[in-house]
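K.L.:
With chain A held as given, fit chain B onto it using these hints.
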Amino acid sequence: MIETRQLTKSFGSQKVLDGVNLRIENGQSVAIIGRSGGGKSVLLKHLIALLQPDSGDVLIDGESIVRMNERQLLRIREKFGMVFQGAALFDSMSVAENVAFPLVRKKKKYTPGEIEKRVAQALEVVDLPGTQKKNPAELSGGMRKRVGLARAIVYEPQILLYDEPTTGLDPIMSDSIDKLIIRVRDHFKVTSVVVTHDMRSARRVGNRVLMLHEKKIYANAPPEEFFASQDPVVRQFIDGVADPQEILF
Amino acid sequence: MKFLAGTWVGDWLTGLGRIAALAREAFASFLTLKVAWRDLLFQIYFIGIKSQSVVIITGGFTGMVLGAQTYFQFHKIKMDTATLAVVGVSMCSELGPVLTALMVAGRVGAAIAAEIGTMRVTEQIDALRTLATHPVDYLVVPRLLASTIALPLLTIESISIGIGASYLVGVYLLGIDPVYSWSNMLKYTGNIDLAFGLIKAFVYGGIIALIGCYKGMSCGVGAQGVGRATTEAVVYSSITILITNFFLTLALQRVAVMVL
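As given, the protein sequences belong to chains A and B, one line each in that order.
Numbering-wise (the working numbering), the first sequence opens with residue 985 and increments by one.
Numbering-wise (the working numbering), the second sequence opens with residue 61 and increments by one.
No lab work stands behind these hints: they were computed from the structure.
Just to be clear, a hint being listed does not mean it is correct.
[Unchecked claim] Below, simulated DMTMM-like cross-link-like pairs (lysine to aspartate or glutamate); rule was C-alpha separation at most 20 Å, straight line:
1) K1093/A to D99/B
2) K1163/A to E1198/A
3) K1090/A to E154/B
4) K94/B to E1062/A
5) K1090/A to D186/B
6) K1029/A to D186/B
7) K1063/A to D99/B
8) K94/B to E1208/A
Just chain B, same shape as in the assembly:
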């Protein structure tokens, strides 16, 4: 494998290996149950509560535009009342978790990388180590747990707001029959769609926190290093979420077919 050293493929594989090692270390630390609960609660507040405006706007406007576009196409073949069903399935299994994760990656992933990166360049992480505190226990585990707890909750919120906004646009702006639309949505949107969305949100929460923490802890020197780590955290999290989404959809679909 020496021929890969110094190439972008080698760097990419090294980074992947280090993130996997960080995840393993964080999981082992979590099993010791020495989580700093105060930090965990603060991180849930920071990731969950502070992301409200981003999630509400994303969910609401995605639901509205999806409802409107679906209606414009379905109206041509007189299937107006199927609009909300399409919105329900799309929001639950794809758009809700993916768009919420992308928005949270932009806000939270960047903040995690910037905060930990600044701690690294100002020797605060070294100070933690000299005070006999493992940086993974203190910095990574609370953020990872908070992110995997908060993202499914934010996704549920985004889905609910998206479907609600779509309903309002469909019924009050475009004149779709409310009873048939709602009934069709309940008929075609199964619990499995919601379960897909929540599993995805859990995985994306982990991706955002892990990449943010990894980029922060391995950032270069000075303000430039922190800036680069922040940008890379957002870009790599977003790309990883989009790629993972495809494979996760296929895998979950396969599992659903086998189980149901």
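Just chain A, same shape as in the assembly:
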């Protein structure tokens, strides 16, 4: 279970999160939406302690991770897999080496044959079989994200975090990534947290939709209820209507 309590974070004088409370049960799939620069990725990075809050707490399975040092966090992070916005593949390695990386670094030792088999399986799950020898530079944006997902699922984590998985992709590729997230969620029974501002994606991948607005969780509801909401702030975001006062000429 993932829980945040009164999470507050500022960068310099700019406050990004102000008392964020959320609770995600095991096996749940949550989409976090909100405006660009609204703190969605910052919130996501707090869940895996890539960022430390100014105040408040983050609990993973009831254990506070806020005051842990980097070495203590290694144990907690073994529960997580994360797909980054830019995929964050290691560009000095091939696709196979990227996907095999977590297995090679794990305490549990895998034989080269086991690693090869698991890498092939993970690449098959993300519809990229036979790409082991390619370099990340040879891949398109969508393929890179799928390799990033293969790397995140190869060691079968309990929790998967997605940072804007469909940003910058064409609608067909976005659809394929959404289906992949759903397939991985159902296949591995993982807890998924997807940060996105793609409304179609939020509707499909989440059992619940959380909207971050004005540095707080503004709305928290199942997708059907959320997308039927008549709240003006929620409605404006869903319909993608700009505030006239914000349009500058």
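P.N.:
Here is chain B on its own, set in the frame of chain A:
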């Protein structure tokens, strides 16, 4: 100490403290003996083998010009055959380690900072952390070990080439007696001079890798951040090597007097 916050002195002290913390973390990681041997070998190859041309040219031409200048001065007082002795002592204890370190700082320190800095801005370091890998274990320790292993070896190479080049210039170009020169060099250049040079090279290897890694891991955003980190890695490593050299020379001399 709050009055120092935001001043260059405060920033400098903060940076120094962070480098010390990085060194401590790297040492603790090394003690666990979980070094990625493949990465270590690659780094030794990158720092040692790939620096050959730089080290050979630096050692060779430094030895040649030092030999020639020493000869021009000593010739006035008829001490031609002491030329190689001066070159030997200078190359072993000062010029060999310092010039090699400065050249390697320019090549390797910059490369380390640029590579790790790029990894930072493209979230590859965050990816390492999410994959339950400590960046110090994976990025810093192999580079630090490789640098402290490779730099003494490169220094020995630079010293040997410098003395050899000086010998060739002295004997074949300037007409110094080869037997007396060689004998004087062996007489006045002690093992202690070579030991000084190797200890210095070991320390400079650590400085280059630590500052390069620190600058890379703390670099700012975007291409500008990486560029600045790279420049600062080279400048700070070079300055630190020159300042450390002075104090290290005094300290080693004191130790040598006490021990010998």
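K.L.:
Determine for every hint whether it applies to the structure shown.
P.N.:
Checked hints:
Taken as a hint, the K1093/A and D99/B pair is honoured in the structure, with Cα atoms around 18 Å apart against an allowance of 20 Å. Distance hint between K1163/A and E1198/A is unfulfilled; the C-alpha atoms sit about 31 Å from each other, more than 20 Å. The hinted pair formed by K1090/A and E154/B fails the criterion: a straight-line CA distance of about 45 Å is larger than 20 Å. About 18 Å separates the Cα atoms of K94/B and E1062/A, which keeps this hinted pair within 20 Å; it holds.
Between K1090/A and D186/B, the direct Cα distance comes to roughly 17 Å. Compliance with the 20 Å bound is thereby established for this hinted pair. Taken as a hint, the K1029/A and D186/B pair is honoured in the structure, with Cα atoms around 9 Å apart against an allowance of 20 Å. Restraint check: the Cα-Cα separation between K1063/A and D99/B comes to about 26 Å, which exceeds 20 Å; the hinted pair is violated. Of the pairs offered as hints, the one joining K94/B and E1208/A is violated, with about 50 Å between alpha carbons and a cut-off of 20 Å exceeded.
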